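Trainee: Letter by letter, the chains look like this.
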Amino acid sequence: MINWKVILGIAKTHMVTKMKSTVTASLGVTFGIGAYITLVSFMTGLNTLLDDLILNQTPHIHLYNEIEPSAKQPISFVDNFEDAFNIVHSIKPKQSQTKIHNALPILSYLRKDETVRGATPQVRTQIFYLSGSIELGGSLTGIDVMEEVRLSNLQDYIVKGTPEALRNYDSGILLGAGVAKKMSLDVGDRVQISTAKGDVFPLKIVGIYQSGIAEVDNVQSFANVKTVQRILGEAENYITDINVKLFDMNLAVPMAKQLSRQFKIKATDIKEANAQFETGTTIRNLITYSVSVTLLIVAGFGIYNILNMLIYEKMKDIAILKATGFSGRDVQLIFMSQAVLIGAIGGVSGLLIGLGLSRVIDNVAFETEALPTITTYPVNYNPWFYIIGITFALISTFVAGYLPSNKARKIDPVRIIRGT
Amino acid sequence: MGLVLKAEKINKHFKKPVLFHVLRDIGFEVEIGEFVTIMGKSGSGKSTLLYILSTMDTDYDGKLYLNNELVTGKPAQELSRIRNKNIGFVFQFHYLLSEFSVLENVMLPAKKLDEKSHEEIEHDAIQKLTMLNIGHLAKKRASRISGGEKQRVAIARALINNPSILMGDEPTGNLDSYNSENVFQIFKQLKEEQGLSLLVVTHDLDFAKRTDRIIEMEDGQIINGAYKTEKQIQMS
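For the record, the sequence lines run as chains A and B. Going by full-length UniProt numbering, the first residue of the first sequence is number 1, and it counts up by one from there. Going by full-length UniProt numbering, the first residue of the second sequence is number 1, and it counts up by one from there.
If you're looking for bench data, these hints aren't it; they were derived computationally from the structure. Fair warning: this is a prediction, and the values are worked out from it, not measured in the lab. Here a beta-carbon is modelled for each residue, glycine too, at the ideal position from N, C-alpha and C. Some clues are possibly wrong.
Stated by the list, open to error - Here's a subset of chain B near chain A, in silico, CB distances under 10 Å, partners left out:
id, residue
1, Ser-47
2, Lys-74
3, Glu-78
4, Ser-80
5, Lys-85
6, Phe-100
7, Glu-104
8, Pro-109
9, Asp-114
10, Lys-116
11, Tyr-178
12, Asn-182
In isolation and in its complexed conformation, chain B is listed as follows (with noise of 0.2 Å):
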């Protein structure tokens, strides 16, 4: 299996407002069509560290590769460019735009990586949007839907790309259980049946245990499961 998202050596410092050393030496590395959650107590950096690997954030040391490409170093305009044809990204805040339609959301980054027609941009969206069940929200103003659906179109717009990896900053942090457990279902579903790789930090014990890998992190470092281990390797 190949990798999709590999970190050497990752450290961060706060500067602000005393220097703190938030991430020291991470490493990792993520395997494609693996679903891996970050867990760790607050203030441990793990939202800090997938800043970083989201490439938002470039004021780190160490080296960041994405499918087997060092993506460090490289000039904003082509990070922006990676973001948008590699990367999906859901927050805790679901974060959609509010004048626009669901549709025109989950359309927006297609249309910014302009490299299907406007029709095939249309078709693929609404398809996205059936799959996760909320195909008759598409002409409805982002505002005007409830947090779950919210929470639904964020997804089908990291999807539109078809990136190579999801990436969520507690995803289901501001969901009911009932949802939650939806959103948990979506992510297993786009793993098992269309084989996407998952990054997804959260708080959620429940969530996390069922997904492939879990790793720990504590003070800024990586205390277990960074790597696969031999029995996760056998059983894939």
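Bound conformation, chain A alone (with noise of 0.2 Å):
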């Protein structure tokens, strides 16, 4: 039988009384708990923006046909040369399409697929966009824009204008950022642009593009699909690339693999493309939870001292609790619920603080020419670190409580009281 009313009447009178070393011990935990709410929620937030940065841009698995020669060249099909030592010069690229062959029932097969989340069809172009007797080199994307919004994020990368502007209107096109700074072109401006054949087009500017990288945003530009087919004088079925989206990007390595086995095509998966950006995303997982877990271990530490202390300062008060009646547990409850009650509010506080922090840096400005649509430094406010964090406190707390309150149960009253 415990009675709870009683132990923890005690156990705040010691804590009131105490106030210094109660405030002391809350404010390790506090700090412990608060720097690492900021810790993880900053951490996690940059980590996300800068996977996003990849990983958005970058489908997870990239269908094309790639331009290369055959493997089997003509003469290993003449039986009278197999043991010969043949030697080929100047070998040409295979004869073939620039576009995916069969591309529609792919994309509706992709389509139909329980783990795809999305596959979408690109058309790839060279043009020149013209200006005057000046043509600008540039390349031409015709994508099936609102599919892109969904999977890749595309309207982050829109400066200026909607995406939605450039589904409305047919003739329109996301002109690259560093097309339009060259040749003063602003939305609402046409456009000519010309292809390699010579034909001349005038698109409408319904929006600027810019990714970041400047060498991109020097060249590429977007339309929808069906202009671009309209413009190379393509059928509907002419698709150069498709772009494939995964509920689990662990699958994009067998599924790519199975993909070009099936359809005779190149795949790139996303693992292949980008092995090295992975790697980077652990390290820094790794160094904030090495730190914040540091920080609570040494808060446990402190409390775990002001316990000791304490038990110590009250020797001849446990050896008066026991002697009027009170168990060993009753003791030992005491202390834990004090050691309890200091992580819980160090704890609160600490999540609180962790909070503020948080706000303070999520309001701090933070402008990159590599993330357009950014302002200010990324945080993350995921309530899962803060139910971690309290967890931990507590956890900590109760560890660091049980030792010296598990020392507190075994004093043997008879010797404190007689004083030997």
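Both chains are given apart, each in its own frame, so use the hints to dock them into the complex.
Mentor: In structure tokens, the structure reads:
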């Protein structure tokens, strides 16, 4: 039978009369948890930002038709030279079409797959931007704009105008920021483009695209798939690339292999394209967690110390409590509840301080060319961090309180009272 | 008359620093409503015996009965409860919880027992304090009162759960003669008015002489007064 009211009453009196120690111990926890929350929110915010930078712009699987020489040259088909040492000079790429053969059936096949979040067609072509007599080389990609918004956050990189405007306007173009600057063009203006064959088309600028990478922004523009097909004079099944996003990124590698075999097509997966990026994320997470855990352990030692001292100070009180009928367990609970109360108070104020600091960081200006839509430092307000924080505060104070309080439980009142 | 306390063949050894036989075949009885003192030289084992009787020290051989119930060998949790309910204890050095008020100190064992409501306990505590003429100190911090007052508060605390027996380890050892007399009168009054049993270890012969019976100890043995004499039985 545990009489919590009495135990908590005694714990409270101890804590109130030893306000300084209580506050010091709580502050240790507060700073530990506060620093943990701030650090983890900020670091994971940055991580997510950096990951997104790469992940959003890179499809999980990229399907295209590569122009390459045949792996088996004609000479190998002739049995007569089978045992000979053959040298083939000036090999040419195999004559084939740039479009994906059977693109539409592949697309509908992919869209039916339950592991696929989306598959988007693209038509890529080389063009010239015309400004008077000046021709600027460039690249125009026909896209399904709303699908791109859903799957690769295209809207984050449209610095002027909206993706909807492109969808609604057939002869619209999302012009690269570098091109727009060079040609002094803005949203609402018209730009003439010319295909490799020499046909000239006027397109209306409905938005400005800025990826943050100057080399891309100086050449790349986007238009609707149909518009580009029309410019090229090609049919609706003319599709040069298919980008696939999966629900689970880890399936990309086997799926790319399977698609490549199934459709006799070139398929690259995201791991192949960005091998180094995952290493960076892992290491940043590792640093965040090791620093946070260190902080919390230091706070735990602070509590351990203060409780230990408190118990030495309260030796006589413990003896009296035991002599008047409090059991060892009651005494242990008195000190344990002090530790856990310190953990709870320190932990909650730590969460609040962490939240406050996160808010401050969230409002610090952070402007970079590479990320046109970001104006302040990124912060991740994941509620899980707060749950982990308070849980760790309670667990660490529990452990830190357990050892000294266990000592208090075992104190022999007779020895204290008799002074031996 | 029934027995409140009975010891049978209690033996205790100290193992450190060397093996030492502190108590040898101790056997005695205390009747309900009796005021008994234990006397003896330093090192005769009287305090050691008292702490065994108080159930705080469980490292002994023999049998101990409280209210005709064997307490030897019970688990610590239960001994705490027996101590809480049946034994009041007064130490040589008052030993109050200095951070709590006088009233809270007195109320604490009753709160632990948890048999009465908070209001009843508070009422009882104030009544005990008033009985000991220190009702006016109730709201003071325990660290802010004089030595004699502290000892009276300790007595009030020992009485709060209406114990079967009140034990004292030299309760007057640290007090001047005026306060010693005061404490003696309180004990006597408790015995006479409320029929409380008392067992007190003391060095003070004047104190001991005025009690019902003296148990004399020497070298870990009782040499005199373990049981009531014929004369004492007739008198009571």
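Trainee: Would you mind marking each hint as holding or not holding in the structure?
Mentor: Against the structure, the hints:
1. Contact between Ser-47 of chain B and chain A, as hinted, is supported at the beta carbon level, the nearest pair being about 6 Å apart and thus within 10 Å.
2. Using the Cβ-Cβ criterion of 10 Å, the hint placing Lys-74 of chain B at the interface with chain A is not satisfied: the shortest such distance is roughly 12 Å.
3. Using the Cβ-Cβ criterion of 10 Å, the hint placing Glu-78 of chain B at the interface with chain A is satisfied: the shortest such distance is roughly 9 Å.
4. With a cut of 10 Å, the hint placing Ser-80 of chain B at the interface with chain A holds, because the nearest CB-to-CB distance is about 4 Å.
5. The beta carbon of Lys-85 of chain B is positioned within 10 Å of a beta carbon in chain A (closest approach about 7 Å), and the interface hint is therefore held.
6. Hint status for Phe-100 of chain B: holds, given a least beta-carbon distance of 6 Å to chain A, under 10 Å.
7. Of the supplied interface hints, the one on Glu-104 of chain B holds, with its beta-carbon coming within about 8 Å of a beta-carbon of chain A, less than 10 Å.
8. With its C-beta approaching chain A no nearer than about 4 Å, Pro-109 of chain B sits inside the 10 Å limit, and its interface hint holds.
9. At a threshold of 10 Å, the smallest CB-CB gap from Asp-114 of chain B to chain A is about 5 Å, leaving the interface hint in force.
10. Taking 10 Å as the C-beta cut-off, the interface hint given for Lys-116 of chain B is violated, the closest approach to chain A being about 13 Å.
11. With 10 Å as the threshold, the beta carbon of Tyr-178 of chain B stays out of range of chain A, its nearest partner Cβ sitting at about 25 Å, so the hint is violated.
12. Annotation: Asn-182 of chain B was flagged as interfacial toward chain A, and the flag is violated, the nearest CB pair being 22 Å apart, outside 10 Å.
The structure does not agree with the numbered hints 2, 10, 11 and 12 stated previously, though it agrees with the rest.
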